[in-house]
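The whole structure should be built from the sequences, with the hints applied where relevant.
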Amino acid sequence: MAEQGTSRRRFLGGAAAAGVGIAAGVGVAAGYGIRSTAEDSTGTTDPYAASGDAADPANAVVPFYGARQAGVTTAQQERLMFAALDVTTTDVEELKRMLGRWAAIAARLTTGKLVSDSPVREEQPPFDTGESMDLGAHSLTITVGFGPSLFDDRFGLSGRMPVELTPFGTIPGDAVMKPAISDGDLCIQACADDPQVVFHAIRNMVRAARGTAVLKWSQLGFGRASATGAGQTTPRNLMGFKDGTNNIHADDVATIDSQVWVDASGGTSAGGDPAAVSWMANGSYLVARKIRMEIESWDTDPLTDQERIFARNKVTGAPMTGGDEFTPVDYSQQNTAGEPVVDMNAHIRLAAPEQNNGIKMLRRGYNYTDGQDPDTGKLAAGLFFVAFQRDPQAQFKVIQTRLGKSDLLNEYIAHIGGGLWACPPGVSGPGDWFGKSLFT
Amino acid sequence: MATLKSRYWPAIVLTTGAIALAGCSSSTTDTTASSSAPASAASAAASGSAAAGGDGEVTVTVTEADGCVASPDTVPAGQVTFLITNVDALSVTEVELVSDQRIVGERENLAPGFDSTFSARLDGGAYEVFCPGAASERQPFTVTGEAAAQSADLTALLDQATVDYATYVDDQISFLIAPVEELAAAIKAGDLAAAQAAYIKARPFYERIEPVAESFPDLDPAIDLRVGDVEAGTTWTGFHPIEQGLYEKQSTEGLAPLADQLIVDIQSLQAEAGKLAEATNAGSEGGYQAFEIANGSATLLDEVLASKITGEEEAYSKIDLLDFEANVEGSLQAFATLKPALDQIDPTLVPQIAAAFDALTATLDKYRDPNSASGWVSYDQLTEADKKTLTDALLVVQEPLSAISAKITN
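Residue numbers (our numbering), protein chains in the order written: chain A, 1 to 440; chain B, 441 to 850.
Think of the hints as simulated: they come from the structure by calculation, not from any bench.
Quantities reported herein were computed from a predicted structural model and do not represent experimental measurements.
Just to be clear, a hint being listed does not mean it is correct.
[To be verified] Derived list of chain A stretches under chain B, where covered just means 3 residues or more per stretch with a C-beta under 8 Å from a C-beta of chain B:
{"#": "1", "stretch": "101 to 109"}
{"#": "2", "stretch": "121 to 133"}
{"#": "3", "stretch": "424 to 437"}
[Claimed, not checked] In silico DMTMM-like pairs for lysine to aspartate or glutamate, Cα to Cα no more than 25 Å straight-line:
{"#": "4", "chain 1": "A", "residue 1": "Lys178", "chain 2": "B", "residue 2": "Asp832"}
{"#": "5", "chain 1": "A", "residue 1": "Lys436", "chain 2": "B", "residue 2": "Asp820"}
{"#": "6", "chain 1": "B", "residue 1": "Lys827", "chain 2": "A", "residue 2": "Asp373"}
{"#": "7", "chain 1": "B", "residue 1": "Lys828", "chain 2": "A", "residue 2": "Asp91"}
[Claimed, not checked] Label-pair restraints from in silico Cβ distances:
{"#": "8", "chain 1": "B", "residue 1": "Ala802", "chain 2": "A", "residue 2": "Ala254", "range": "15 to 25 Å"}
{"#": "9", "chain 1": "A", "residue 1": "Asn357", "chain 2": "B", "residue 2": "Gly751", "range": "50 to 60 Å"}
{"#": "10", "chain 1": "B", "residue 1": "Ala711", "chain 2": "A", "residue 2": "Glu122", "range": "27 to 37 Å"}
A virtual CB, placed ideally from N, CA and C, is assigned to each residue, including glycine.
Listed below in structure tokens is the structure:
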């Protein structure tokens, strides 16, 4: 990679600053950080639960049905599997039916059930692949999104794409984005506190899609790299720094409503017809970025330089301008030489809402590793950045453009994949499905 | 490739029970799919009114609380259309009409919020509406009176499938003999080019019927084992040590005994398959069974995914795409023998699988290379994207194909 001094990419580490707090469930919609224990509506014991103990965290359930999708403001789970798919059918009815199957599967898996309870015939492949048996739901959430490419002329949706979903084009620092691990007509984000549970969810949904859509690329995230509230401690990214200290937290309803969820209008219609985009009311836009870390180089960077880049103390997370982790950063503070204590191109300065007209995003990233890079022998690891917002053109794109140009961290990272998806509103109940109001 | 399993084709242990058919049966069925969209609803209605009898219409309502409820639950014999509404049953993906353990009509891929339909011509008798995964899975359903019109008997169609398939297998093995003999002759003459050409000629005939060969636990390892699968203390024989000589060592030296043994082993295969065909044609025990043909058809695609798309099968000659095409062709032919019977059980299924096969074949055809000895792009020239394209096309066939065995078994 060519050296460009500070002109490289970087994390959106400080991008979202918001109220810090003890998040609790906010009852507006399902999936709002509420984790309850498994309930079986029939009152019978669920044979696939991890244990008979309803208080067992393995049996924790995040409600699937609601006005807004779960997996956005839900207290962030420990594991992720993310999948991007391309639709192969040209029949919109098949696509709709698949989204209907997905909703049914998601409703069951998120309560710890299998795809079907039916005992199968011996001659028939089982309805469910089975590896989540005895595991419990582990707070599984399944969040589905529609990429810009879905709104071409295949399914009659070309007039229904909100302006907010416009592809980004080239953002500074996107030079090595790989098409094979970027974009896709559809995405599924599966999050839970157990890695096998998230894998099982993606596997069975991809299976249900067979013949209608194909897996384009996928990513496993092994560890939570953001805090979204509920008293979660701030986790560390693979550079060893606390990440997401100033993330939006679930109890900050005002910020969430103004920055994360699309309002009742559904957003902006290119053709000027508001009804064309009303389907996105209560939706949110998911931006994913696979950010490779130059791990070996970072490991040889002196501590003072590492802390200069983030402008935070590596151990405590406190800003270089003093205080503790949650002390506001004093961007005007100067040292005795009259230089800013927080470098003008430090990660948190470029990304901070105070420096970006108050722009915030809800970050929900995961640390990832793909093992070893077969070409170079280096560790293949980094951050699978995920952020939710109401208008990615005015949020992610603006901040990433600044970061891509100037962030000190760019020397140690590279954005190599990802995409933009519109996550429609929540599924209201059985018989409703992902994006039904878009297709009807 | 040879594996140590013979998982789908236990020709040795087959008995009669699997395909015991009862007389009570349906005849033609006709299925259309629809969702709540007006256009599809119209086509469903059209299909209903176009039915010969036009008399029977049954609403099947599927709910989480009550399972499948058919209304009315008694209809006169004749053409009957089932209008299925999945209201909110999350785990119910299909509705079947079952007569004496046999599916006589069905509709798959149900989802809450979507409507579907199928129709069947029904004889008088006792049936069940079966919804796997529903709160109440089975509901009795009665057809009064006699059959309106009898069409081809399902049992006869399945029997014919086994006869057709037996012929196909015998043909492929007999076609295999000649190029293998050419291979031996070229090796003995020290003619490397001719030996390579004969090797390429022979492989597809074997790959098309590989699941049958795998049902003979000694023969397939003798014929088609890869070097990594050879048990310590045994000799590596068959196609692949010859392939290694011809392509890696670029020599015919020392291969003559292997070629002679290969002829003997394939003659044994021919004899064994001949016994299967004989039993099949006589309708006696020990012949091919329809569900085995279905499983064999699916197994051939497993073979492609396991060893062809990975380039492990033809490690030296790189003609994996030739084997790929042969496996697909064998799978398609096996499926084709079952089509008439499957058409009666679920008429949506055959066009769906056939279209997926067509798409797979069209994708594969892009990799034909007239300048290559095998007629196909060499495996080492495939990109990762090529392999993904081929895999994706294959998976679309594999999933529905894996389900047909159960439909003709019970």
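Here's how the hints hold up against the structure:
1. A stretch counts as covered by a chain when three or more of its residues have a beta carbon under 8 Å from one of that chain; for the stretch 101 to 109 of chain A and chain B the count is 6, and the coverage holds.
2. Requiring three or more residues with a Cβ within less than 8 Å of a Cβ of chain B, the coverage given for the stretch 121 to 133 of chain A holds, as 5 such residues are present.
3. Requiring three or more residues with a Cβ within less than 8 Å of a Cβ of chain B, the coverage given for the stretch 424 to 437 of chain A holds, as 6 such residues are present.
4. Of the supplied pair hints, the one linking Lys178(A) and Asp832(B) holds, its CA atoms being roughly 20 Å apart against a limit of 25 Å.
5. Using a Cα cut-off of 25 Å, the hinted pair Lys436(A) and Asp820(B) is violated, with the two alpha carbons roughly 45 Å apart.
6. Restraint check for Lys827(B) and Asp373(A): the C-alpha separation of about 20 Å stays at or below 25 Å, so the hint holds.
7. A distance of roughly 23 Å separates the Cα atoms of Lys828(B) and Asp91(A); the hinted pair therefore holds under the 25 Å criterion.
8. At about 55 Å, the CB distance of Ala802(B) to Ala254(A) disagrees with the hint of 15 to 25 Å.
9. Between Asn357(A) and Gly751(B) the beta carbons are some 54 Å apart, a value that agrees with the proposed interval 50 to 60 Å.
10. Remark: the range hint 27 to 37 Å for Ala711(B) to Glu122(A) is upheld by a beta-carbon distance near 32 Å.
The earlier numbered hints that this structure contradicts are 5, 8.
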